[in-house]
Amino acid sequence: MSQSRKATIGWLVVFIFGAVGLAWNAFSQPRGFGMRYVTDSTTTYYEVKVSPPIGSIPKKPKDGEGAVAPKDRLVWVSSDSPDLEKSNVTRTSAEPISVTRTSSVPPIAAWAAAENGGKGPTGATYRFSVADTIGVWIAAFFTLAIFSFLWGDNPVYKFAESVVIGVSAAYWMVVAFWSTLVPKLAVPIAPIAMQWAVPGVDEERKVSVVLAVIPAILGVMLLFRLSSKLGWVSSWPLAFVVGTTAAIRLIAHVQADFLAQISNSMVPFVVSTNGRFDWGASLGNVVLVTGLLSVIVYFFFSLEHKGAVGKVARFGVWFLMIAFGAAFAFTVMGRITLLSERLEFLFNDWLWLIDPKGDHTVTTIVSNAAGLLATVF
Amino acid sequence: MLAFLEKLDRRWVFLLMGLAVAIPILFPLPFEYKPSALARSVFDEIDRLPDGSRVLFSFDYDPATSGELSPMARAMLYHCGKKKHKLYVMALFGPGKTLGSEAIQEILLKYAGDDYTYGEDYVELGYQTGNEGVIKVAVTDLPQMFPTDVRGTPLSKIPVLEGVENFQAMDLLVAVSAGDPGSKQWIQYFISAYPKTRMVTGTTGVQSVSLYPYIPNQLAGMLGAIKGAAEYETIVNAKYPGPDGKPVPELTEAQRRMGPQLTAHLLMVSLIVVGNVVYLMGRRKAHQSGGGR
Amino acid sequence: MKSTVPTLIATIVGVVLIVAFFVPATQSWSETAVDWFNILAGVAFILGGGNLIKVQLETISSRRPGWGYALVILVSFAIMLTVGLLKIGVPPAEQYPNHPWSGEYDAPASAFGWIFENVYNPLTSTMFALLAFYVASAAFRAFRAKNIEAMLLLGTAFIVLLGNTAIARLTDGIPDSLSFLRLDQVVANTMSYITTGAFRAITIGIAIGVAATALRVLLGIDRPYLGRT
Chain A
1 MSQSRKATIG
11 WLVVFIFGAV
21 GLAWNAFSQP
31 RGFGMRYVTD
41 STTTYYEVKV
51 SPPIGSIPKK
61 PKDGEGAVAP
71 KDRLVWVSSD
81 SPDLEKSNVT
91 RTSAEPISVT
101 RTSSVPPIAA
111 WAAAENGGKG
121 PTGATYRFSV
131 ADTIGVWIAA
141 FFTLAIFSFL
151 WGDNPVYKFA
161 ESVVIGVSAA
171 YWMVVAFWST
181 LVPKLAVPIA
191 PIAMQWAVPG
201 VDEERKVSVV
211 LAVIPAILGV
221 MLLFRLSSKL
231 GWVSSWPLAF
241 VVGTTAAIRL
251 IAHVQADFLA
261 QISNSMVPFV
271 VSTNGRFDWG
281 ASLGNVVLVT
291 GLLSVIVYFF
301 FSLEHKGAVG
311 KVARFGVWFL
321 MIAFGAAFAF
331 TVMGRITLLS
341 ERLEFLFNDW
351 LWLIDPKGDH
361 TVTTIVSNAA
371 GLLATVF
Chain B
378 MLAFLEKLDR
388 RWVFLLMGLA
398 VAIPILFPLP
408 FEYKPSALAR
418 SVFDEIDRLP
428 DGSRVLFSFD
438 YDPATSGELS
448 PMARAMLYHC
458 GKKKHKLYVM
468 ALFGPGKTLG
478 SEAIQEILLK
488 YAGDDYTYGE
498 DYVELGYQTG
508 NEGVIKVAVT
518 DLPQMFPTDV
528 RGTPLSKIPV
538 LEGVENFQAM
548 DLLVAVSAGD
558 PGSKQWIQYF
568 ISAYPKTRMV
578 TGTTGVQSVS
588 LYPYIPNQLA
598 GMLGAIKGAA
608 EYETIVNAKY
618 PGPDGKPVPE
628 LTEAQRRMGP
638 QLTAHLLMVS
648 LIVVGNVVYL
658 MGRRKAHQSG
668 GGR
Chain C
671 MKSTVPTLIA
681 TIVGVVLIVA
691 FFVPATQSWS
701 ETAVDWFNIL
711 AGVAFILGGG
721 NLIKVQLETI
731 SSRRPGWGYA
741 LVILVSFAIM
751 LTVGLLKIGV
761 PPAEQYPNHP
771 WSGEYDAPAS
781 AFGWIFENVY
791 NPLTSTMFAL
801 LAFYVASAAF
811 RAFRAKNIEA
821 MLLLGTAFIV
831 LLGNTAIARL
841 TDGIPDSLSF
851 LRLDQVVANT
861 MSYITTGAFR
871 AITIGIAIGV
881 AATALRVLLG
891 IDRPYLGRT
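Chains as they are written, first to last, in our numbering: chain A, 1 to 377; chain B, 378 to 670; chain C, 671 to 899.
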């Protein structure tokens with residue numbers, strides 16, 4: 001058997017053994033760990049006709065093409081809506097629609113409800129969620145799978161890495177499709193035909209179909225990038241994108257990062273606070289401006305860094321090093337926070353070793369360790 | 378010993394880092410954190426606005442940085458809620474839309490739910506592709522950029538957006554930012570062009586350093602990394618404690634994370650020191666034996 | 671034709687946007703153009719997905735090493751895409767219960783929301799958390815105080831690392847008149863004056879660079895959009 005084959009099997013055994021042991025440990029206890037609970041709330045909706053209130057004033061649309069008299073509107077309201085009581089609202093003959101929405105609840109609330117016949121404080125039903133519980137365990141699996149890379153490259157890590165590539169690409173496609181392409185590309189071209197997805201259309205805002213079709217054409221041309229023969233077609237929309245980016249960046253950088261930075265640096269060298277000389281702030285401003293100028297001198301690569309210029313540039317490098325030291329420290333700080341968030345997920349959401357928010361029980365470390373040992377042997 | 382350290386398997390360093398972070402999570406180290414001037418100025422910007430002011434709240438981050446940014450986003454959202462500010466929530470990162478909705482459910486509606494009705498007191502504009510292009514359009518024409526809110530209602534039919542034609546109508550921008558697009562783009566495409574709206578931000582450690590040049594003229598205040606979040610939690614909990622008069626449990630996350638931060642920073646400093654000592658001793662040894670690389 | 675038209679497009683749209691910045695009456699041109707740009711950014715994600723499928727299918731069909739992982743990529747891509755586009759498990763929007771497709775694609779109890787929460791979220795955040803380990807290893811192996819520049823860098827890093835933790839409280843005893851010596855104040859002043867000065871110079875430098883690059887693009891000297899076709 002090859003070395004990599006052995007490693008593959010070794011890692012699989014570690015993961016499967018560990019998972020089975022922990023799962024047994026969690027589910028053999030009545031309130032084990034890594035459990036999720038949810039509540040289902042069902043709302044009934046009625047279709048109603050809303051007549052304009054008596055004496056309502058015709059509303060002028062924004063482009064001022066003459067006033068439009070208010071009309072009857074058909075809308076759906078929930079059965080507990082106070083609008084149903086209003087005099088200008090009448091129910092239509094349409095069948096009511098019931099919609100069930102599920103949301104998660106803290107385990108401690110679900111256990112309290114269980115003592116009360118599964119009913120929460122507002123009478124909603126609380127229940128154990130198989131899907132969400134499996135979700136926590138899968139999330140823990142993927143977390144450990146990525147961490148396994150610290151030991152060395154291995155198939156479990158590679159599997160997790162492949163999943164993240166596939167899922168991310170699809171994630172962004174779905175987000176772009178539903179958040180931008182449907183409402184901003186499809187709806188302006190065919191508002192009525194797209195009502196299944198975006199029912200509400202702004203009658204006050206008319207979008208010219210011609211202006212709506214151009215980005216659609218450019219978008220289709222962009223997709224030609226995938227073709228090896230007709231790839232050049234995509235250079236038109238790409239040129240549009242590059243031209244737009246160049247222009248808006250040009251303006252923004254000159255305004256915010258060049259002119260504004262120069263004006264931000266026009267600071268007084270003598271600062272007085274409450275009528276007294278503030279030597280701290282004064283010195284600070286001197287340091288700031290000296291540092292700024294010396295770093296800029298260092299950036300003048302067209303000047304040879306010799307003599308006085310060389311000395312100032314050297315001083316500029318020291319300033320840069322101090323700034324990079326601070327940047328490095330802040331970067332380290334950020335990375336450590338991300339690690340502690342992941343470990344907190346494992347210890348809090350999954351293993352229930354800690355309970356900072358007070359929403360579940362704490363599995364005692366001793367009994368857990370005993371369970372782990374029992375699993376191993 | 379020297380030979381061992383010179384050839385140390387890096388997995389030992391990994392183990393040390395893992396323990397340095399894990400142990401203080403299991404056995405917390407509670408410390409108080411003095412708010413810095415920058416954290417204080419973020420608080421003051423949100424607090425000095427009259428109740429019910431218009432605040433644009435942008436969730437410009439994703440799960441990869443939510444460990445750092447979610448605590449400060451939640452603390453600032455809670456603070457806005459206690460001030461009854463009208464909230465216009467959006468995202469320049471796709472996942473920011475989802476993370477923002479979660480924060481609204483878990484913080485805003487839980488602790489200030491009586492003051493917040495969707496459409497009347499807050500609206501979720503969601504995410505649009507285009508990065509800085511989104512800001513560029515919305516600063517002059519909001520409905521062109523966001524034809525509907527996340528629930529599919531045209532903006533003209535949402536009461537809280539009455540009189541809001543673009544972002545210039547906002548009193549304050551709160552951007553919680555992981556990088557690009559984020560705080561920098563907000564400053565470049567919005568605040569620098571329309572300085573009437575003030576801006577505060579919460580950012581990752583990595584990004585915070587590059588935002589200092591904008592303080593205080595373009596950026597009124599900044600929470601940098603988890604320390605900024607911990608300081609903000611301290612200030613907010615002191616002025617707006619939870620219903621039982623104690624700190625809000627959800628707003629202790631960053632303070633909790635400062636425990637692992639302490640041990641891990643000490644470890645980092647020790648690793649650099651030990652690494653240098655090993656290097657110097659190794660060099661001296663090489664010199665003595667006449668090798669001298 | 672293949673290079674003239676794109677160059678014209680880039681130049682014309684760029685000039686229109688710059689004119690629109692200075693002439694308020696033409697502001698709507700800029701809005702329309704940037705809005706198209708935003709829509710194209712959305713199409714780019716579709717292109718990205720298409721490219722991923724293309725590359726992975728090539729790997730699988732030629733049975734290149736690791737083609738099994740290409741299959742994992744494709745399957746996870748297909749699952750996420752299907753549940754997302756079909757809005758599986760998404761309840762309709764509050765005010766449109768009669769339109770089953772009107773709900774938000776990322777509703778918490780939907781299949782897409784479930785994968786986001788339990789797969790996308792832990793995977794991407796743990797990938798970044800790994801960096802904490804590598805930065806520790808790099809600190810041990812690579813950061814050598816060889817010269818004055820390196821000493822300044824490491825010295826500042828030490829002060830900022832320690833000053834940003836509870837250790838800074840050990841210096842609270844320093845009297846108020848010398849408060850600038852307290853560790854947290856040292857960090858605050860380093861950031862507000864030295865780091866700000868240096869990064870402001872970098873910001874100005876980048877701004878000049880961006881402006882120069884943008885002008886080269888708008889004048890048709892650089893034509894990155896032609897690239898590889």
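Treat each hint with caution, since some may be false.
[To be verified] Partial list, derived from the structure: chain A residues whose beta carbon lies under 8 Å from chain B:
no. : residue
1   : F149
2   : L150
3   : W172
4   : V175
5   : F277
6   : G334
7   : T337
Quick caveat, the hints were computed from the structure, so don't treat them as lab data.
Computed from a predicted model, the values in this text were never measured in an experiment.
Yeah, the Cβ is synthetic: ideal placement off N, Cα and C, and Gly gets one too.
Consistency of the hints with the structure:
1. F149: violated, 10 Å
2. L150: holds, 5 Å
3. W172: Holds. Min distance 6 Å.
4. V175: Nearest chain B Cβ about 4 Å off; hint holds.
5. F277: violated, 20 Å
6. G334: Result: holds, 3 Å to nearest chain B Cβ.
7. T337: holds, 4 Å
In this structure, the earlier hints numbered 1, 5 are contradicted, and the remaining ones agree with it.
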